[in-house]
Each structure stands twice: as structure tokens, then as C-alpha cells.
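Mind the numbering: the sequence shown is residues 1 to 805 in UniProt numbering, read in order.
Careful, some of the hints might be misleading.
Straight-line alpha carbon distances no greater than 16 Å define the calculated EDC-like cross-link-like pairs of lysine to aspartate or glutamate that follow [claimed, not checked]: (1) K106 with E448; (2) K321 with E357; (3) K462 with D385; (4) K780 with E797; (5) K106 with D66; (6) K7 with D109; (7) K262 with D224; (8) K262 with E357; (9) K370 with E660; (10) K771 with D678; (11) K462 with D519; (12) K309 with D293; (13) K262 with E212; (14) K722 with E763; (15) K132 with E78; (16) K718 with D757; (17) K321 with E279; (18) K664 with D685; (19) K788 with E660; (20) K664 with D302; (21) K462 with D512; (22) K36 with D109; (23) K106 with D385; (24) K370 with D12; (25) K106 with E358; (26) K309 with D577; (27) K262 with E660; (28) K321 with E358; (29) K262 with D385; (30) K132 with D787; (31) K780 with E763; (32) K126 with D224; (33) K664 with D224; (34) K126 with D169; (35) K664 with D511; (36) K722 with E660; (37) K718 with E742.
Simulated from the structure, these hints should not be mistaken for lab results.
None of the values given here were measured: they were computed from a predicted structure.
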Amino acid sequence: MGQSTSKAIPSDAAAVEIPSRGSIRGVLLTDAATAKPKTQRFSGIPYAQPPVGPLRWRRPQPLSPDFSFDDGGRRYHEPGNVCPQPLTYFANTGFEIPPQPLAYNKSEDCLQLTIWVPVDEHGQRKPPSAGKQGLPVLFFIHGGWLQIGNPNLDVNKDPSDLIASAGLDCIVVSPGYRLNAFGFLAHNALRDEDESGLTGNYGFWDQRLALEWVRDNIAHFGGDPGNIAIGGISAGAHSSHSQLLHEFDLCRADPSYRPIIKRVFLQSNAVAWPPKRVEETAEQFEELCAALDIPISLADGDKIERLRKVGDVELAEVVTKLDMHTFRAVRDDRPGAFVRSSWTSSMADGSFGRWCEEQSITVLAGEVDKEEKVYEVVNSPHDLDSFVLQLTNYYPEALVQAILPLYGLPQTKKMPPLGASALPTSAGQHEAVSDSDRAASTEGGELEDLYTIFGVSRTASKAEIRAAYLGLVRQHHPDKAQQSDSSLLAPDTSSSALIRQLNTAYSILSDDLTRQAYDRALEAQISQAEAAKQQRDGKGQAMRLGGEGSDDSDSDSEDDERGEEVTFVHPCRCGHDYRISGTQISQGVELVACNGCSEVVRVTWFDHDDPATAAAAAAVASASDKQKQAVPTTAREWAQLFGQVSADSQVYLTSRTLIEDLVKGGMAPHAILRYRCDFRAPIFDTFAPASMGVSHSFDDLVWWYALCTGGWTEQQLKRLRKWLDPYIRFLHGPPAGTDVREWREDMAVAWYGPEYDVDTTTEASWIRTLKADATIQVEKTDQRGDDKRSLIRAMREIREKVAAT
1 MGQSTSKAIP
11 SDAAAVEIPS
21 RGSIRGVLLT
31 DAATAKPKTQ
41 RFSGIPYAQP
51 PVGPLRWRRP
61 QPLSPDFSFD
71 DGGRRYHEPG
81 NVCPQPLTYF
91 ANTGFEIPPQ
101 PLAYNKSEDC
111 LQLTIWVPVD
121 EHGQRKPPSA
131 GKQGLPVLFF
141 IHGGWLQIGN
151 PNLDVNKDPS
161 DLIASAGLDC
171 IVVSPGYRLN
181 AFGFLAHNAL
191 RDEDESGLTG
201 NYGFWDQRLA
211 LEWVRDNIAH
221 FGGDPGNIAI
231 GGISAGAHSS
241 HSQLLHEFDL
251 CRADPSYRPI
261 IKRVFLQSNA
271 VAWPPKRVEE
281 TAEQFEELCA
291 ALDIPISLAD
301 GDKIERLRKV
311 GDVELAEVVT
321 KLDMHTFRAV
331 RDDRPGAFVR
341 SSWTSSMADG
351 SFGRWCEEQS
361 ITVLAGEVDK
371 EEKVYEVVNS
381 PHDLDSFVLQ
391 LTNYYPEALV
401 QAILPLYGLP
411 QTKKMPPLGA
421 SALPTSAGQH
431 EAVSDSDRAA
441 STEGGELEDL
451 YTIFGVSRTA
461 SKAEIRAAYL
471 GLVRQHHPDK
481 AQQSDSSLLA
491 PDTSSSALIR
501 QLNTAYSILS
511 DDLTRQAYDR
521 ALEAQISQAE
531 AAKQQRDGKG
541 QAMRLGGEGS
551 DDSDSDSEDD
561 ERGEEVTFVH
571 PCRCGHDYRI
581 SGTQISQGVE
591 LVACNGCSEV
601 VRVTWFDHDD
611 PATAAAAAAV
621 ASASDKQKQA
631 VPTTAREWAQ
641 LFGQVSADSQ
651 VYLTSRTLIE
661 DLVKGGMAPH
671 AILRYRCDFR
681 APIFDTFAPA
691 SMGVSHSFDD
701 LVWWYALCTG
711 GWTEQQLKRL
721 RKWLDPYIRF
731 LHGPPAGTDV
741 REWREDMAVA
751 WYGPEYDVDT
761 TTEASWIRTL
771 KADATIQVEK
781 TDQRGDDKRS
791 LIRAMREIRE
801 KVAAT
């Protein structure tokens, strides 16, 4: 993007002694034009053992006790390794970042830090200000969808100009962490290798270990381990929020734990929606194996061993060929898991916000003017199926299907009611299973007999089921003809669907708990069918849920004992019935008791009958004409809608949901600093069309005060320094001897201006905006949030139900 304004030279001053670990020798960065010292930089500092060989897909391991940083005369002059990744994440979009080949060495050995330290005019590290234990620290996590990126921050994001020219007296640390399949592949078979039975989220664990390394060692660089802010762009913001949530979990588990993080900078992202469960990634794992010609008939453990032998660069390249090409965080409810389902409820009920206030956390969060424009050109869909596929790369299938009606799109798959467990039906879709071990039966959606699929009896052993499963896979898998016996049947057009059906069936019958639930549901269905047959024969009573005016209703419409109109009547075996009123339907009732014997059954909702989805879709449809839209008909329209949905779900709705959650929990509104960037750096005019405006990550150059990109006018630079002054104050944290709560109040006034009244402002609705001409404007209301209010409400309802699924 530009030519660096810095020149790296060796310097004896750029040396840090780590007790019992040797010395770390970096370089002095000087101004390329004046030779004036700017910062000391230390690149490629290991903070963990290389995650290679048997450590691939293991949580990061601390450096061995005998590790020395200067073994073999090692120096930390050159940029560190970068996790292997696709050469470009925009390969098929028509939009290209300016030619800037990834010159860094790509290696799985990437758990390394880059550290920039402020210096004085002589190139010596700056001492802390009076009364301070050390310089403040910014732990900055790079972005890139958790799939690409690097911790070296490139010449256009080098913090040296922000430090040397804009006045930041802060140590900046950027961690390398595992990305894409290296950092976020998850599979149940990997649990056996983990001491706590965990799997996935290795990239998050990397970040955590790096953060702990900084806490334990940053004092040697002149930093204050008690004054650490964390932040990042896009996936880095998502990661930063995740790290704060992890600290929240640690405090709940051990009240004596003292959090590392004091302040958080969330640049165009946050955590709001529950990610996939580990089990939901099984198909992605199988697709990866197939792409690498690893026989599907192998045991899962053997597949993982084969995957570990694949070269790191080859593995990164094959990921781009997958339908499920994006590897992301997974949730797990096992003790010690990094991402937990409870995160959703803890944010929604205010627990997380209450904890943040107790810890005096300050949050800086915001967005740019047109986030959607970059999302339009990344993995762009061209029709409904590809639209759903790309969204499913990001989110659980249940969440994706629930989102579709909010944007005027039809659901492509019948899902169980949000919050219910699921079993396959004969329609190849899903059906709900009640907690009381009943399986609801509907016409055209009965549970399929999985034992019949495998050709085994219902008393078959696990070994018999596995043998049958493998035999059918060998016969029908699309890749098997090339993998083994040439006598195997050639795949037909239905093979992929059949394999998915077999995988789903096997995942149910191979697990004791899910098999027991399925057996009970199947038995209930068989009994129901028998009861229906007897009723038709005049021997019994049907158990079918009837609608208004159906044969099962006593009348077309009647009142129950509470005087409410009864819409549905469901006969019970005792001779009485279950009654559901219109009010109960509108409330999405889930459990109904018989008015005779009081036995309870679960109500099953289908498609748009799901209360959350139906109510949300109706709310959005009637909100405003602006939100009503026709189903796209061209690839361009699909890309635009994808950009809108991605920007909403990644940034616009996400950040606002978080802010509402924090305030609900009692976090002081003035402790939440908001911004929007409408300013477009001149360099973007050389490669991005004007129609893109200021899109996702375009504000990076502003926050880093990137003089190296060129094209700035003196007036723009002056205005940018004014914009950055309170940001730098935020990163510095409270001055020595200042009460943190008082500092937060002063910080809000510095951020928004003297009109901001801490005592009377009860909502976090003020937004500090960097306008297109680099002037600053403070908006007292959140217009975009108001426009998207119905979507926010809908997504809040959906996320809680998905988290329970």
C-alpha cells in the first residue's frame, strides 16, 4: 500500500534480558528521511512450542523449561512466521487488494509475537511516567475472518508512526495465532488427546497463552502488566471480546482470579451469536478428508493422523476448495471449554455487563460507514443455495434458517423448533424430540427407521452398526471408487445426499445417549401409529394434533376455562384433551398439560410456525418499506444482499446487541465509547472504486496514523491527530493515582465533548463520528440502530433459542 517511513537498523539498545531465558535482540526503527529514532521492534518472539507434528490440533504448549531466546545467536530482526493461509481471500471476487505478495515466511511454527516499544531521542526505551510501574500495553489481534492475516501488521499498519508522530506512549504487542483449519478445526476424536476432553478453538487458546506471556514478561520491555488493553479489527475484535468473555468465565470459576484485560477496543465486530457445536462440524471434517484423498472408511483417529502428515502449505491451499471452507469457533459445554453456550445467556441476562462494571472495564466499539461493501466481494453467493451455503460457513444451520425470513427469503430446510434437539425424518429433514422422550409425528415428517437404513435390527451392537455403516459408505461414497476397490459401485448423483444421511444416522446410533433418545422417540411414533390404526378401525383414539375445525376438535371454536378462544385441541389417551389458545400460540407455548390427567406434552412448531422466526419475520416485514425487498434475481443482487446480511450479523446488529446487553447488566453508559468512521484515506482511491465508500477495515489506516501510505494533506493530518487524541488517552489508561471510575467519566467527556453529561445520560447512544472531510461530529442518537431496531429484537430472540439448541 505504500513505502515504509521507517528504516530498521541493529542497535545495542534494542536488547531485552529475560531472566533465565536469555536475551531478545531486536532492531531500532528510525525515520527513513531524518534518521530520528521511532521505536524498537522485536519480531518473531516465540511464546509457545511450535504446534507441529503431534501438536497440530492440540492446545498450545508453553515453552520448555530449558528454552533460551538466544540459542544459536538467534536475533529478532526480521518479521516472524505467518500461519499458512490462502494466497488471497478475494480470489473469485473481482476485487483485489493492491499487489502486495505475502512475503513473510509461511509456517505452522507461527506462535510468535511482534512487539513495538516507544523510545526517546537516543533510541533508548522510554521510562514510564511518574508514579507508573511501566508503560501501558496494547495487545492487538489482527483480523481476517480467522482465516488469513498476520501479526507483523505490514508497513501500512506499523504502529511506529502512531507512537513517534501522534504521541502514543504505549507498548504494542501483536500475537501470531493459528488460523483456518490449523486454528479452528474441531472433532470429537480430538477430545481423547486433551487432558480436559476439549477440541477446537486452538487459535483462541493461542491468543490466551500469548496474553499470559505478555502479562508475565512485558515488564522486561518496560511495560506495565497491570495496564493492558486488548483490541483488534474484525476477527481480531471478535477474538478480543472472546478473550474478555473467557476472563469472565475464569472469574466465575475462581473469584480470586484477577483479570488481565482492563480496556477493550472492538473495531467492527464483537461476539453475539452462538457458534456451531462441535458435532455440527463433522461434515466439514469429512469434506476435508475427502479433498485430501483420505479414505472415509478409516477410523476417525486414523483420519486425524493422516491429516497431521499433510504439509502445512498444502493443507492451507486445499481449504479453499471446500464448500465448508471457513473454520470458526465452536461451542462446548464441557468444563474448561473456551467458548461456552452460557456466553449467550450471560450476556442476555446482564451477568456479563454486571461483571464488566464490577471490573471497571471500558469498551471502545464502532464501525465504518459502509461495512457491507467488502462483505459483498468475499465468498459472494449467486443464488439462494450458495447464499445459504456461505452463511452456513459462518453460523449454525439453525441460525441461518432463522435469519432467512428476516430478509424476505424462504427457508431452504425444515428445522426443529429453536431450542429443541433434532432427529432425522423420512423427508430427509428434521423433527423435534421432547424432553419427555416423545417424538412428535406429523404427516410427511415421521422419524425414519435408521436401523432399516443400515439393514440391522434394533438390538444391533455398536460393532454391527459400524460395520453396516462402513459397508454402505464404501459402496456409495463419491470418492471411494478412486480410493480403494475398483469393484465398488460408481457414485450417482444422489451419492452426496446419501452419504450425509448415513453420517447423520451413524452419529445418532453410535452415541449411547442420542441412540436412547432416538429409540424412545421411535417407539413413541410406532405406538402413535398403532393408536391411529386402531382409531380408524374403531378400536382406539388418534393422537394427531388438530387445527381449528378439524375432526379432532369438539367444535370449530370454543372457549377454555379462562375464557380464551381455543385454536387447537389435541386428544389425550385419558379421554380428555390438550387445549392451546391463541394467546399461547402468540407466546410460543412449548409445554401443554392435559385438562384431565395433567400429563404434559411438548408443542412442535414447523418452519414459520416457530414463534421466534414467525414473530421476527412479521416484525421486520412490517417495520418499514426500507426493509422490504424482493428476492434477488441476479448474482450482483445476491452479493449485495449477502453483504447486507454479513454486515448486520458481523457488525451492525452484533455491536448494538452487545451494548444493550452491557447496559442491561448495569455497566455505566459512559464507559462505552462509540464511534463511526466515514473518512476514506486517499490511498484507497488507487484501487477501490468510489462506490465502496468507507468499508470494512478501511479505517485501519486512521487508527495507526499510517503516514507511509501517502496522499495525506496537512489539514487531514491535523484533523486526524485531533481524532486520535482521546483514543490515545483511552489506550494510556488512568494516570497514576487516579480512581478508575473517575477516569472513565473524564474519558467519556474527552471522547464526546463537554456537552456530554455523565449524570443525565442513561443510554449508550452517543456516537463520535469522523466525517468524510476528517472533521469530528458527535451524534446524540444512533440512527442506524433505530432503523434496525426490529432486526435487533428479532435476532435477540433467535440467538437465545439457538443457544439452547
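Tell me the numbers of any earlier hints that the structure contravenes, in ascending order. 1, 2, 3, 4, 5, 6, 9, 14, 15, 16, 17, 18, 20, 22, 23, 24, 25, 26, 27, 28, 29, 30, 33, 35, 36 and 37
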